[in-house]
Amino acid sequence: MGKTLFEKIWEKHVVRELPGGNALLYIDRHLVHEVTSPQAFEGLRLTKRKVRRPKLTFATMDHNVPTDDRFNIKDPISRAQVEALEKNCKEFGVILYDLKSELQGIVHIIGPELGLTLPGTTVVCGDSHTSTHGAFGTLAFGIGTSEVEHVLATQCLTQKKSKSFKVEFTGRLAPGVTSKDMILKLIGMIGTAGGTGHVLEYCGEAIRALSMEARMTVCNMSIEGGARAGMIAPDDITYQYIAAGNRPFAPKRDAFDKAVSYWKTLPSDPDAAFDRSLTIRADEIAPQVTWGTNPGMVLDVTAKIPSPDAVPGANRKDVEQALTYMGLTPGTPITNLKVDTVFIGSCTNARIEDLRAAAKIFKGRKVAAGVKVLVVPGSQQVKAQAESEGLHDLFRAAGCDWRQSGCSMCLAMNPDQLNPGERCASTSNRNFEGRQGKGGRTHLVSPEMAAAAAVEGHFVDIRTWSTGYKYPVLGV
Amino acid sequence: MTPFKSHRGILATLDRANVDTDQIIPKQFLKSIQRPGFGENLFFDWRTLPDGKSNPQFELNAPRFKGATILVTRSNFGSGSSREHAVWAIQQYGFKAVIAPSFADIFRNNSGKNGLLTVELKESEVEEIFLMVGRYSGLEATVNLDEQRVTLNLAEEISFHFEMDATVKEHLIHGLDAIGLTLKHAEVISAFEAKHDPQLSQ
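Protein chains in written order, with my numbering: chain R, 1 to 476; chain U, 1001 to 1202.
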């Protein structure tokens, strides 16, 4: 019987089978950031251990970084955490992209930019959104601080092989519908624990049609469906992305050709068996908007806020709690919800294509009165690219705040936070209570939907939004 | 890691599904570079009112749960962020074990590395514990890892068997150092590295 993409990568990385169905798995790339690493480095110091492969370990700071004046971290505890990473990288010989570096950015944005993320490799990071890198046909997953220490010391992890889950998107997306809507639709169907214990493999015509950046958005949110990882088989689009631009760690010339011939062996064999599978018609997907307090609480933009007993798979009490927290009344059309803040950023949607998509909407338009818009590029390279295309001028002309790179209001560890009761259209990945600031109310959407909500002051169906927008009006 | 063999303590219930790690330990407390100091901020946004006072509506603030060491909750506990600080906060608050119908993968891994026992019981069994805790104030239970059994401390014996990964169980019972164990395979790792190209990964 054939093998899946996941099985092929898994088998290449088993250092040794261990009792109890576990394996010692080799890790090719270890990405490190300032929040989940200090206690791991301290653990190494206490046990007098070293970093086994410092050259396979790459660090940056992203969570605590202020996006207005990055060199002026006012919070002394945040500053201490950033300084601890500098000190640790120096002491243990780990490569660091610090705030002065033109290559700094959100860890999951810079990995692919630098050519660190390659098909067939294993990538881990003390961060659940490590699943992003799976877009390259990479086995990539988030780990906790104890496992960060384990990888630093041994370059391996003890793992039990996950089950496999194939998600096929047939057909093509309608104009205005994005890969963000695909992944939100899936999480709405399977729930936030639907992928627990599984590695997802996304396939089908609609996935093949996506750019690498759009694929990263899909894989990024695999964890929101509870999955260990999410993967997409590499193809010509993947190879072109790796060959393009300045990616210092990507193979070049002969090494690249040799790599491509190997990468071509990675896709799942036609007769490979999956533990579970699901098919979704991409052409039927509408723009998605989350209404509740986890990413599984999501609906088509054309829908109304549900009543507490009309949510499949959720119990009444949890839905009531979500509605109360979000300040929502059942029966309200989603397009009637007014927004106070719009956040365009995060490892989910802050790459150059996301910014271009938002900029298209803002071009020649103004942000609605009373709405605050924060546009935060995912990396300093994305920022430079956007500025070379004049996108920053376009955002500013519309009334948006153009910032420097970092995680920013996705988790609000830096000063970018919602106030209690504020409603936010956000391109990020989590609408948990208080995620963007205590009492803040988050609705997850695509960059296009977020930008259009900023212009109108409330959610709109991007497919039918008129005012001269170029997408054709669908439906009636 | 502190070994976990068997523990007897007061049960506390948290009647919510999909409790994410952002709730368990909110982001403003992730800035510490130390391991201690998280317990007092467990469930901070739920436990505390905006004026900083204790929220009387929040279940764990109920006087009858004072001193509780076993947390009983609903499905998909620990979803979301990989922050191990969530496990540290739960332990430092005083919990030794968490019982739920299911846990998120990363949270369960992190728990195992720190000696926090995650016990998966059937939905109906968890429901029964919820009922009993509601009925008997200060109800205690014994969680015996060796026998893989949770027993409620009642006149009529109510106990539940739970499944446990054999390796995780061994690590917990003996409080093993996972890194130390892997380093015993250092030669095998070196041999693997000699033939493995981490760029081409073949």
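Treat the hints loosely; a few may be bogus.
[What the hints assert, rightly or not] Restraint ranges, calculated between C-beta atoms of paired labels, are given here:
1. 270/R <-> 1050/U: 38 to 48 Å
2. 75/R <-> 1055/U: 54 to 64 Å
3. 1190/U <-> 254/R: 47 to 57 Å
4. 1052/U <-> 390/R: 39 to 49 Å
5. 261/R <-> 1039/U: 46 to 56 Å
6. 1170/U <-> 91/R: 28 to 38 Å
7. 248/R <-> 1037/U: 11 to 21 Å
8. 312/R <-> 1061/U: 30 to 40 Å
9. 1175/U <-> 330/R: 18 to 28 Å
10. 1193/U <-> 46/R: 24 to 34 Å
[Stated by the list, open to error] The calculated lysine to aspartate or glutamate pairs, modelled on DMTMM-like cross-linking and capped at a C-alpha distance of 25 Å, are:
11. 160/R <-> 1193/U
12. 55/R <-> 1193/U
13. 161/R <-> 1177/U
14. 1195/U <-> 98/R
15. 160/R <-> 1059/U
16. 8/R <-> 1059/U
17. 48/R <-> 1127/U
18. 1169/U <-> 17/R
19. 1053/U <-> 422/R
20. 1122/U <-> 7/R
21. 317/R <-> 1059/U
22. 160/R <-> 1127/U
23. 3/R <-> 1197/U
24. 50/R <-> 1177/U
25. 317/R <-> 1120/U
26. 317/R <-> 1147/U
27. 8/R <-> 1197/U
The hints are simulated quantities; they were obtained by calculation from the structure and are not laboratory data.
Ideal Cβ positions, reconstructed from N, Cα and C, are used throughout, including at glycine.
Verification of the supplied hints:
1. Taking 38 to 48 Å as the suggested C-beta distance range, the pair residue 270/R and residue 1050/U does not conform, at roughly 58 Å.
2. Hint check: residue 75/R to residue 1055/U, Cβ distance near 25 Å, so the stated range 54 to 64 Å is violated.
3. In this structure, residue 1190/U and residue 254/R break the distance hint of 47 to 57 Å, their C-beta atoms being roughly 28 Å apart.
4. Roughly 47 Å separates the CB atoms of residue 1052/U and residue 390/R, a value that falls within the hinted 39 to 49 Å.
5. The beta-carbon spacing between residue 261/R and residue 1039/U, approximately 54 Å, falls within the hinted interval of 46 to 56 Å.
6. In this structure the hint that residue 1170/U and residue 91/R lie 28 to 38 Å apart at CB holds, the actual value being about 33 Å.
7. With their beta carbons about 39 Å apart, residue 248/R and residue 1037/U fall outside the hinted range of 11 to 21 Å.
8. Between residue 312/R and residue 1061/U, the C-beta spacing of about 32 Å keeps the proposed range 30 to 40 Å intact.
9. Evaluation of the 18 to 28 Å hint for residue 1175/U and residue 330/R yields a failure: the beta carbon distance comes to about 50 Å.
10. At about 26 Å, the CB distance of residue 1193/U to residue 46/R agrees with the hint of 24 to 34 Å.
11. Between residue 160/R and residue 1193/U the CA atoms are separated by roughly 21 Å; this keeps the pair inside 25 Å, and the hint holds.
12. Proposed proximity of residue 55/R and residue 1193/U is supported: the alpha carbons are some 13 Å apart, at most 25 Å.
13. Our distance criterion of 25 Å between C-alpha atoms is met by residue 161/R and residue 1177/U, whose separation comes to about 21 Å.
14. Between residue 1195/U and residue 98/R, the direct Cα distance comes to roughly 33 Å. Violation of the 25 Å bound is thereby established for this hinted pair.
15. In summary, the hint linking residue 160/R to residue 1059/U is not supported, as the alpha carbons are separated by about 35 Å, beyond the 25 Å threshold.
16. For the proposed pair residue 8/R and residue 1059/U, the alpha carbon gap of about 47 Å is over 25 Å, so the pair is violated.
17. With a CA separation close to 47 Å, the supplied pair residue 48/R and residue 1127/U exceeds the 25 Å bound.
18. Straight-line distance between C-alpha atoms of residue 1169/U and residue 17/R comes to about 18 Å, which keeps the hinted pair within the 25 Å bound.
19. The straight-line distance between the Cα atoms of residue 1053/U and residue 422/R is roughly 23 Å, inside the 25 Å bound, and the hint therefore holds.
20. At most 25 Å may separate the alpha-carbon atoms for a hinted pair to count; residue 1122/U and residue 7/R exceed this at roughly 30 Å.
21. The straight-line distance between the Cα atoms of residue 317/R and residue 1059/U is roughly 14 Å, inside the 25 Å bound, and the hint therefore holds.
22. Restraint check for residue 160/R and residue 1127/U: not satisfied, since their Cα atoms lie roughly 30 Å apart, outside the 25 Å limit.
23. Simply put, residue 3/R and residue 1197/U have alpha-carbon atoms about 22 Å apart, close enough for the 25 Å limit, and the pair holds.
24. For the hint linking residue 50/R to residue 1177/U, the alpha-carbon distance of about 16 Å falls within 25 Å, and the restraint holds.
25. A C-alpha spacing of about 22 Å is found between residue 317/R and residue 1120/U, which places the hinted pair at or below 25 Å, so the restraint holds.
26. Proximity of residue 317/R to residue 1147/U is assessed by CA-CA distance (about 35 Å); at most 25 Å being required, the pair is judged violated.
27. A threshold of 25 Å between alpha carbons decides the hint, and for residue 8/R with residue 1197/U the separation of about 15 Å falls inside it, so the pair holds.
Violation of the numbered hints given earlier is confined to hints 1, 2, 3, 7, 9, 14, 15, 16, 17, 20, 22 and 26; the remaining hints are satisfied by the structure.
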